[in-house]
Amino acid sequence: MNDKDNTNILKQIMQTIRTESRELTDAVFGSFGIGKIEQEHESAELKLNQAKTALTEMMTKQRQSSRILEFSVEKINQLESLIMEALDQGDKAEAMKCALEVVDLEVNRNIQVESIIEMDTQLKYLQRQLEQSERDFKEVGRQLNMLKTNEKVQKATETIMENIEGADTNLMSAKMSLDRLRQNQKNKDNPLNLAPLMSDSSQLKSKTEPTRKTIISLDSVDSSHSAEDIIKRLQDKI
Amino acid sequence: MNLDNFAIRLSQYRTTEGYTFECQCIDGEIEVLQIEMGGIDGFPVYITKTDIQIICIIYLWSESEIIAKSRLEMLEMMLDTSISIPLSSYARVGDRYVLFGALSVSSDFDKLVEEVVTLNENALDVVSAMEDFLL
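For the record, the sequence lines run as chains A and B. The first sequence begins at 1165 in the numbering used here and counts up by one. The second sequence begins at 461 in the numbering used here and counts up by one.
Read the hints as simulated data drawn from the structure, not as lab findings. We treat Cβ as the ideally placed atom computed from N, Cα and C, and that holds for glycine. Just to be clear, a hint being listed does not mean it is correct.
[To be verified] Below, in silico cross-link-like pairs of lysine-lysine (BS3-like), each with a Cα-Cα straight-line distance of 27 Å or less: (1) A:K1312 with B:K509; (2) A:K1216 with A:K1200; (3) A:K1339 with B:K529; (4) A:K1319 with B:K571; (5) A:K1302 with B:K529; (6) B:K571 with A:K1312; (7) A:K1302 with A:K1312; (8) A:K1200 with A:K1302; (9) B:K509 with A:K1200.
[Unchecked claim] Chain B residues, not near chain A, derived (Cβ > 12 Å throughout): (10) M461; (11) Q494; (12) A528; (13) S567.
Could you put together the complete structure from these sequences and hints?
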């Protein structure tokens, strides 16, 4: 089996069903089975949570850097206004003092901008990694679910069969069940079952026309049968 | 949905078509609920649950009930008709052929009731249609 086959749980289940080999059963339900996949699932979940924590920290740092950058830009704007005012008033010394502060702030601003760009790249990379981890996590979860479903249905069937066989009810062949259902249906459809209604004229009146016809024909069948009985009885006397 | 809660609610429920439900929990390693419908002659529906799905199963027939020479034709017929059967599919568990429906564990009560009723109606049609392949 190649690597791709090893990761296809459905294929392994099919192989197991097809060959019913102990080796393959162990391959699916043993070493490569639920225990191992559960471990993989837990490990993937742990890595995913670690990646989410790292992403959250990175986003917090990015927000902090953005705030520092905004503050620097705002401060630079304020100082530039002061420089303009100082120049208007001919206060070159004050203008120079502010300009020196602007130089420092601009250096700091450029560092922040570079830092934000770098963080943004890292964030995008981390997000992609996280998406991939989510996919891996869901894939392992899906495979785990296939194994668990297979195991559960097998066990549920064993439980149900034990229960049915123990109770000695309901365990009839599909054909027998169908015959039973048909017989029940036939009994329901049998006009004789409508006989009690004939004693209640109000109910009879409420029945639909086809039902009344059925009851009437039933009545005539019964009469004919009785007449034959009478003739037979009289013939016996002769 | 918790199967015990579902059983209690379903036992007291009556559909607009007048169907009622008799629920019984089956003891065993796996939680299984048996449902028999009142108001329709059908088969018991067995329900079990995994982490993400609720599986409703009706046991149709076993391998020993199939007419040997018709087996291949029956299997082809099952494949050909499976997609037409609403909300249910065929499967085989061990040597038993089943009709089943699977729902998300987040499905609400009405969806589960719909599944149970539809599954029963489908099973009747299936057994009736496949009768000629069975002993």
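Agreement of K1339 (chain A) and K529 (chain B) with the hint, judged by alpha carbon distance not exceeding 27 Å: holds, 17 Å
Is K1200 (chain A) within 27 Å of K1302 (chain A), Cα to Cα? At roughly 16 Å apart (the allowed maximum being 27 Å), K1302 (chain A) and K1200 (chain A) satisfy the hint.
Could you grab the alpha-carbon distance between K1312 (chain A) and K509 (chain B) and see if it respects the 27 Å cut-off? Roughly 10 Å separates the two Cα atoms, so the pair holds.
Outside-interface status for Q494 (chain B) - nearest CB in chain A farther than 12 Å: Non-interface label on Q494 (chain B) violated, nearest chain A Cβ at 8 Å vs cutoff 12 Å.
Please settle this one: M461 (chain B) was flagged as non-interface, so is its CB more than 12 Å from every CB on chain A? M461 (chain B) clear of chain A: closest Cβ-Cβ about 16 Å, beyond 12 Å.
Does K1200 (chain A) lie within 27 Å of K509 (chain B) when you go C-alpha to C-alpha? Distance ~22 Å between K509 (chain B) and K1200 (chain A) Cα, so the pair holds.
Does K1312 (chain A) lie within 27 Å of K571 (chain B) when you go C-alpha to C-alpha? holds, 23 Å
With 12 Å as the threshold, tell me whether S567 (chain B) passes as away from chain A on beta-carbon distances. holds, 16 Å
Does K571 (chain B) lie within 27 Å of K1319 (chain A) when you go C-alpha to C-alpha? holds, 25 Å
Given the hint that K1302 (chain A) pairs with K1312 (chain A), test it: the Cα-Cα distance must not exceed 27 Å. holds, 15 Å
Is the Cα-Cα distance between K1216 (chain A) and K1200 (chain A) 27 Å or less? holds, 24 Å
Assess, step by step, whether the Cα of K1302 (chain A) is no farther than 27 Å from the Cα of K529 (chain B), and give holds or violated. violated, 44 Å
Hints 5, 11 from the list above are not met by this structure, while the remaining hints are.
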